[in-house]
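Keeping the supplied structure of chain A fixed, place chain B upon it in accordance with the hints.
Going down the list, the sequences are from chains A and B.
Here the first sequence stands for residues 1 to 356, numbered as in this note's numbering.
Here the second sequence stands for residues 1 to 356, numbered as in this note's numbering.
Do not take every clue at face value.
Copies of one chain are not kept apart here, so a pair can be met inside one copy or by any two copies together.
30 Å max Cα-Cα, derived DSSO-like pairs, lysine-lysine [as the list claims (entries may be wrong)]:
| # | residue 1 | residue 2 |
| --- | --- | --- |
| 1 | Lys252 | Lys20 |
| 2 | Lys74 | Lys87 |
| 3 | Lys91 | Lys230 |
| 4 | Lys91 | Lys203 |
Derived from the structure by calculation, the hints contain no laboratory data.
2 protein chains.
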Amino acid sequence: MHKKLFIPGPTEVYPDVLEKMATPMIGHRTKDASALQEAISKKLQKVMMTNNTIVLSTSSGSGLMEGAVRSFTKTRAAVFSIGAFGKRWHKMCTSNGIAADLFESELGQITTPEMLEAALSTGKYDLITITQNETSTGIHNPMARLAEVYKKYPDVIVCVDAVSSMAGDLIPVDELGIDVCITSTQKCLGLPPGMAIASVSEKAIKKAETVENRGLYFDYLELVKFVKEKPYQYPSTPSESHMFALDYQLDKILEEGVENRYKRHCEMAKIAQDWAREHCELYSDPDNLSVTVTCVKNTTGKPFSEISKAMGERGYLMSNGYGPLKDITFRIAHMGDLTVEELQQYLKDLTEVIEA
Amino acid sequence: MHKKLFIPGPTEVYPDVLEKMATPMIGHRTKDASALQEAISKKLQKVMMTNNTIVLSTSSGSGLMEGAVRSFTKTRAAVFSIGAFGKRWHKMCTSNGIAADLFESELGQITTPEMLEAALSTGKYDLITITQNETSTGIHNPMARLAEVYKKYPDVIVCVDAVSSMAGDLIPVDELGIDVCITSTQKCLGLPPGMAIASVSEKAIKKAETVENRGLYFDYLELVKFVKEKPYQYPSTPSESHMFALDYQLDKILEEGVENRYKRHCEMAKIAQDWAREHCELYSDPDNLSVTVTCVKNTTGKPFSEISKAMGERGYLMSNGYGPLKDITFRIAHMGDLTVEELQQYLKDLTEVIEA
Chain A
1 MHKKLFIPGP TEVYPDVLEK MATPMIGHRT KDASALQEAI SKKLQKVMMT
51 NNTIVLSTSS GSGLMEGAVR SFTKTRAAVF SIGAFGKRWH KMCTSNGIAA
101 DLFESELGQI TTPEMLEAAL STGKYDLITI TQNETSTGIH NPMARLAEVY
151 KKYPDVIVCV DAVSSMAGDL IPVDELGIDV CITSTQKCLG LPPGMAIASV
201 SEKAIKKAET VENRGLYFDY LELVKFVKEK PYQYPSTPSE SHMFALDYQL
251 DKILEEGVEN RYKRHCEMAK IAQDWAREHC ELYSDPDNLS VTVTCVKNTT
301 GKPFSEISKA MGERGYLMSN GYGPLKDITF RIAHMGDLTV EELQQYLKDL
351 TEVIEA
Chain B
1 MHKKLFIPGP TEVYPDVLEK MATPMIGHRT KDASALQEAI SKKLQKVMMT
51 NNTIVLSTSS GSGLMEGAVR SFTKTRAAVF SIGAFGKRWH KMCTSNGIAA
101 DLFESELGQI TTPEMLEAAL STGKYDLITI TQNETSTGIH NPMARLAEVY
151 KKYPDVIVCV DAVSSMAGDL IPVDELGIDV CITSTQKCLG LPPGMAIASV
201 SEKAIKKAET VENRGLYFDY LELVKFVKEK PYQYPSTPSE SHMFALDYQL
251 DKILEEGVEN RYKRHCEMAK IAQDWAREHC ELYSDPDNLS VTVTCVKNTT
301 GKPFSEISKA MGERGYLMSN GYGPLKDITF RIAHMGDLTV EELQQYLKDL
351 TEVIEA
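So here's chain A without its partners, still in its complex pose (with noise of 0.2 Å):
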């Protein structure tokens, strides 16, 4: 039985996205490709709001994450971590030689003003990394308000990890001034998990040429290369399925509209925080709580393992916390192309399960 995903990635796909990616195959150097390839970027600066270059990438988000570290730092990194994913871009510049220090906020709490400050007024930085939206903690980061501070330092590469949000969250890459905003399909998209994108500045691509090391699968400059030169190909074989099935799903998501969709995720994340009050605890920051996932303290006296496997009886899966947070939350996404009403069902199960 298949199983109806309600954790933060992948998410559920719905069957005509699902039918896409059995779309036969063409030449990855054909016209037709080209124009596919063209298709989903001008597609993707619309839901992104962004004029920036749009390189996609056959990996998860976690390729491109790496890639942006090595592409664009040649001083040194500051990264702006909220939980295990900002931890792991830490980690991703440590085992490729970049110079990098971790700022760590509590778990549950936000990257404020004043540590970016702190960080980018001592000029030891040329790249910052931030994460909009953090799964393991259900919060993001108040984006508007961090980039007042970033802006001030216009020769920092603002690299935004934006995968478990974008399209679901509303950010606005033009106007917030980020350089590279890297997301992926099985989120907030609904696509399968497979593959990655980001939105590239001019400003990092110059700043790029004059970075050693950069490597080549996830170089950008070399991604770049291939979409203005070539122009709209990929340096070796894309996966093409994924390419097929969002440039439909992209048409479904600009059908619905970007602000509508942010107030689907805005909805949603209500009526999940609602519940987690009324029946449990919110884990995190509650200003500061996420649209697309919510972190909740397990306070019903019964172990994960006991409700995930009641709610596997009715078809769903959920999911534990992650890291440190394993055993005492659990988490409710609510991304991509869920609907308020199959939430509710949802939460109507789980609150039979925890009552039971």
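Frame of chain A, contents of chain B only:
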């Protein structure tokens, strides 16, 4: 109109396999996901004739090729190139700051045992890369003869690019003493592009433990750790669609039988070579012709664009030459699930087109 692919990747994927790409998603940290990866790994061990650890990567084959030189080179790599993809492996070294020398054969010629001996006897190298099958020239290296040489140097890590040949050509990994054998889904395995595969020896794993600066996404130690310890998981979210299709397709491959599949590829290769000798000329060393792709010198008097257009009207996608051979050759791929009958029909059409 979908054009039938006779190009050296992506290859034609048959409807029942494509359909598996549309399988609904599952949680990637579930027992079901581990069982899927375990099943795939065990089947791949049979196809690759190895007891080594199998790692999967959401990427093209290039990703795992780059990861291999980063993970296993400590001193200096000797890159043996017989065409475009060998040279790319060298670029992967230099773009990652890995000391490497390129040993190029003339286009259309193999890597000789003498070349290998001359390089290895210097004692300068702790890793070698060999292209088992080169699609740009349509030749394959004499692996058994090369193995006689490199087996005399047991401390050297042997990496082999079998991207365009594994499951078509016969490559008994353990018998040949290959430490890291890399392939990907979109060639002889008959699947869509988007997933790379490698077998990794214990010797290579031990070696990687001594190598710094391996990166993260393509770090073989990280990939192996998730296979061995979790077990059978993947460090980030893998392309589940490819895994579902791969699992299904491997059953079909094992049902045909690895030896029978090889025989079918040999038979198709002979048909393509005979056709080339009769109607044009073969480009490469006649003693080492590939069994998965034939590189034909275009002596028809017709430009490729004209032939290709006419073949396109008959529903086929052809492949021109690669790199420096772009204008003087074209290529006939005969890999994956293509049948002798399909190839014969294709060549019948091609004959009509060039004689028109």
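Cross-check of the supplied hints:
no. : hint            : verdict
1   : Lys252 to Lys20 : both (13 Å within a copy, 23 Å between copies)
2   : Lys74 to Lys87  : both (20 Å within a copy, 27 Å between copies)
3   : Lys91 to Lys230 : between (34 Å within a copy, 20 Å between copies)
4   : Lys91 to Lys203 : both (25 Å within a copy, 26 Å between copies)
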